[in-house]
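**Q** Sequence:
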Amino acid sequence: SGGAPVRPVWTSPLPEVLTWPVDSARSPGVESEPGRALELTLGLLDDPDRQSQPGWRWHHERGPLLAMGMPGAGCATLAGTVALEADRTWERHPHQTHVIDAGSGELAALAGLPSVGAVVGGHEIERQRRLIRSLHAEMTVRQAAGTAASADHRLLVIHRVGDLQRRWEQYGESELWSELIELTSSGTASSIHVCLTAEGPVPHQLSGRIEQRVFFRPSDPADLVAYSIQPSALPELINDRGAIPDPTGVRVVQVSRPQLGLAAAVAERAGRSQPLLDPTTLAWVSTMPTVIRSADLPPDPSRGAGGSAGELLVDGSLRLVLGLRDRDLGPAILELAPAGHAAVVGAGRSGRTTCLIQIATVALSAGSRVAWVGMPPSVTGLPGDVEMFGLDDPTLGDLLGVQDPIVVLVDNADLTDDHHQVLADLATRRTSHRHLVVAGRPDRLRRRYSHWTAEIRADASGVLLMPDPDIDGDLLGTRVPRRLPFRAQPGRGWMVDQAGSGSWVQIAVASDEPRLAAHSASLAPY
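Its first residue numbered 1, the sequence shown is counted upward by one per residue in this note's numbering.
Just to be clear, a hint being listed does not mean it is correct.
[Unchecked claim] Quick list of simulated restraints, FRET-style, between CB atoms:
#1 469 <-> 447: 18 to 26 Å
#2 425 <-> 111: 55 to 63 Å
#3 147 <-> 417: 52 to 60 Å
#4 228 <-> 172: 29 to 37 Å
#5 163 <-> 239: 15 to 23 Å
#6 431 <-> 303: 21 to 29 Å
#7 469 <-> 239: 41 to 49 Å
#8 151 <-> 14: 33 to 41 Å
#9 163 <-> 59: 24 to 32 Å
#10 169 <-> 474: 22 to 30 Å
#11 299 <-> 429: 28 to 36 Å
Simulated from the structure, these hints should not be mistaken for laboratory data.
Think of the CB as a built atom: it goes at the ideal place given N, C-alpha and C, for glycine as much as any other residue.
Sequences are here, hints too, so could you generate the full structure?
**A** Here you go:
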């Protein structure tokens, strides 16, 4: 008859499958409510008391989000929808998303989103460590600078977070769990937002810091008692349908998912959106390369992009870029204080000579003279400007009178006489502009108590290549971590400076060394 339909007694039930993005016509007010423009709409909320089904949003400015449930119940769907919705909602605002997928690879397709910097697998412990620490460091910098309110958004999505704690403890990376807790509890104030999912129990030290929670179908309903939810109050939950705590009990939400699957949605977004951040500022999370060439090293930040890999300061100190550091894949810089010495210690074929060649190359580029004492190196790559001296060379003593800045390199120093007069004088008669760097095997250096190299090792500066964590640290007065974050290999070691701080590094090889450069590993982010 043309009349209006009678108003239903109650709203229609939530759809069993809700397509992402949530249709604003299906849910009035999803985009129109004041102050909600940047909140992420993840699904629909059933509100029968108000006869409505508004958009269910993650209020990221109020803290992190935690989803829990059995495998396949909706946690992976939520994690993918969060990343997609952030790319869609924040597309006009500089932002960056990082994902740790500790599941079976359901979120791998997210790597194609323009706003995603990294998708890290569940067993990629090295990349997980680098990602968590880089975000934690960024949070610390933002807190110190007081720029949190205006900072670009960072979003960390972790699927199956409970599995990570066990793996990190197994690999000796338990401190990462503490840093993740700090990110979860304090990151929001620094515009670093965290979304966690768990398909199993979550330690209370983490879950207790999160107020926004959604519970999908649990493996054991009794697990919900710890969150003040009685199993009898839980409605029947289908896939992608969850319950959120409410003062009157629980309320039901349906999480949206891409109609054609995650990969298709990512491809569609990749064709429409562009990252607003300069690609050079993206915190790519890579692995330490097996071999890195000198020409591919990042510059010393103090020198700028166009500066050389070495810097000679007025007081005689030297800053030498020797390779990559493990912490953030930035330049590994050996700092030699005025009149300071250093040692390169490693077993046979660990890369000692290659390290000395890199020191020679960088020192020359900084404007210092370089002298090589001993047999010529058996590998190519030593610059032609290096001055060569034999151990019994009568002109070796002339180095004591050199007034120019100079670096004296002694390979196989552990094979020299205990009281080699000239080398002992070079080590003990210090001048601000002269530095001595020696290389030797740890077992030999450890046995030679009265050897002249003891003066060098007393400076507690240098590199321990492929070290034995139990005993080699004593050679430079440092403590080597007992667990290596990666497999030991030539050129990889523990660098310690005269301030006592240490870090894992990969020493660079000369770009024209054909035997090693051919195996140079890529620095691609994935």
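**Q** So the hint says 24 to 32 Å: do the beta-carbon atoms of residue 163 and residue 59 match that?
**A** holds, 27 Å
**Q** Can the suggested window of 28 to 36 Å be confirmed for the beta-carbon pair residue 299 and residue 429?
**A** At roughly 34 Å between Cβ atoms, residue 429 and residue 299 fall inside 28 to 36 Å, so the hint holds.
**Q** Range first: 55 to 63 Å. Now tell me if the beta carbons of residue 425 and residue 111 are that far apart.
**A** Holds, at about 58 Å.
**Q** Given a hinted range of 21 to 29 Å, is it respected by the beta-carbon distance of residue 431 and residue 303?
**A** Between residue 431 and residue 303, where Cβ atoms are some 25 Å apart, the hint holds.
**Q** Taking the Cβ atom of residue 228 and the Cβ atom of residue 172, is their distance within the range 29 to 37 Å?
**A** holds, 36 Å
**Q** Could one say that the CB atoms of residue 163 and residue 239 fall in the range 15 to 23 Å?
**A** holds, 21 Å
**Q** Does 52 to 60 Å hold as the CB distance between residue 147 and residue 417, or does it fail?
**A** holds, 58 Å
**Q** Kindly confirm whether 18 to 26 Å is satisfied by the beta carbon distance between residue 469 and residue 447.
**A** holds, 20 Å
**Q** Kindly confirm whether 33 to 41 Å is satisfied by the beta carbon distance between residue 151 and residue 14.
**A** Since the Cβ atoms of residue 151 and residue 14 sit about 36 Å apart, the hinted range of 33 to 41 Å holds.
**Q** Does the beta carbon distance between residue 169 and residue 474 stay inside 22 to 30 Å, or does it fall outside?
**A** Taking Cβ atoms as reference, residue 169 and residue 474 lie about 27 Å apart, which means the hint holds.
**Q** Is it true that the C-beta distance of residue 469 to residue 239 lies inside 41 to 49 Å, as the hint says?
**A** holds, 47 Å
Going down the numbered hints, you'll see the structure goes against none, and every one checks out.
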